[in-house]
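**Student:** Sequence:
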Amino acid sequence: MSAYIKSLDSNHLVSVGDEGFFNRSGSSDWTYNGSEGVDFEAFLRLPTIDFGTLHLYPEDWGKGSDDSWATQFILDHINAAKTIGKPVILEEYGYRDLNQRKRIYQSWLDVVYNNDAAGDMVWMLASKSYQYNDGFIIDETSPAFDVISPHIARMNQKNL
330 MSAYIKSLDS NHLVSVGDEG FFNRSGSSDW TYNGSEGVDF EAFLRLPTID FGTLHLYPED
390 WGKGSDDSWA TQFILDHINA AKTIGKPVIL EEYGYRDLNQ RKRIYQSWLD VVYNNDAAGD
450 MVWMLASKSY QYNDGFIIDE TSPAFDVISP HIARMNQKNL
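Numbering (our numbering), first residue to last: 330 to 489.
No lab work stands behind these hints, which were simulated from the structure alone. Ideal Cβ positions, reconstructed from N, Cα and C, are used throughout, including at glycine. Among these hints, one or two may not hold up.
[To be verified] Cβ-Cβ distance ranges computed for the label pairs, FRET-style:
{"hint": "1", "residue 1": "Arg353", "residue 2": "Gln460", "range": "35 to 43 Å"}
{"hint": "2", "residue 1": "Ser339", "residue 2": "Asn462", "range": "39 to 47 Å"}
{"hint": "3", "residue 1": "Asn340", "residue 2": "Asp445", "range": "22 to 30 Å"}
[Claimed, not checked] Calculated cross-link-like contacts (lysine to any residue; reagent style SDA-like; alpha-carbon spacing at most 20 Å):
{"hint": "4", "residue 1": "Lys431", "residue 2": "His480"}
{"hint": "5", "residue 1": "Lys431", "residue 2": "Glu469"}
{"hint": "6", "residue 1": "Lys415", "residue 2": "Ser456"}
{"hint": "7", "residue 1": "Lys431", "residue 2": "Asn488"}
{"hint": "8", "residue 1": "Lys431", "residue 2": "Gln401"}
{"hint": "9", "residue 1": "Lys431", "residue 2": "Asp389"}
{"hint": "10", "residue 1": "Lys415", "residue 2": "Ala332"}
{"hint": "11", "residue 1": "Lys415", "residue 2": "Leu404"}
{"hint": "12", "residue 1": "Lys392", "residue 2": "Ser344"}
{"hint": "13", "residue 1": "Lys415", "residue 2": "Glu469"}
Please put together the full structure from these sequences, using the hints given.
**Tutor:** Okay, here's the thing in structure tokens:
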């Protein structure tokens, strides 16, 4: 499909847009062992894929609240993308525990910033009046907004 998109528009940036699970033999972790049928590194090696993506929902994935797993997951994607020679974006992420969310997001965004990922996009920023809430919504009154907003400014400065 990516080759077809490139045949129509060679200047169109293409990514897979998946969770970013790996296919590394020997791992017992389902996000790393290929049991989900995807392979972040193989996708990224395709010449018609321009950048990598990963999603991150550790609570929903059974990874608990230990931040070390999530920060390592981000770092592993950044390092794999650097090895392959393409950028990576933490394309979608969320954390349900409102008491920990601000601290967790700061930790994740520091990994993105300090290790030169291309960017990140929280799921989801909305106005306070937005009616739907899947447990991950951040609005202007959310404590996590105080982490996201300065991070955006830092990333913008970095990319000037």
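**Student:** Now tell me, hint by hint, if it's right for this structure.
**Tutor:** Status of each hint after checking the structure:
1. Arg353 <-> Gln460: 35 to 43 Å: 41 Å, holds
2. Ser339 <-> Asn462: 39 to 47 Å: The hint (39 to 47 Å, Cβ to Cβ) holds, given that Ser339 and Asn462 are roughly 40 Å apart.
3. Asn340 <-> Asp445: 22 to 30 Å: 24 Å Cβ-Cβ, so the 22 to 30 Å window holds.
4. Lys431 <-> His480: Holds: Lys431 and His480 sit about 12 Å apart, inside 20 Å.
5. Lys431 <-> Glu469: Since the Cα atoms of Lys431 and Glu469 sit roughly 13 Å apart, the hinted pair holds (cutoff 20 Å).
6. Lys415 <-> Ser456: 34 Å, violated
7. Lys431 <-> Asn488: 24 Å, violated
8. Lys431 <-> Gln401: 18 Å, holds
9. Lys431 <-> Asp389: 18 Å, holds
10. Lys415 <-> Ala332: At roughly 17 Å apart (the allowed maximum being 20 Å), Ala332 and Lys415 satisfy the hint.
11. Lys415 <-> Leu404: Distance ~14 Å between Lys415 and Leu404 Cα, so the pair holds.
12. Lys392 <-> Ser344: 26 Å, violated
13. Lys415 <-> Glu469: Given pair Lys415, Glu469 is violated - Cα atoms ~33 Å apart, limit 20 Å.
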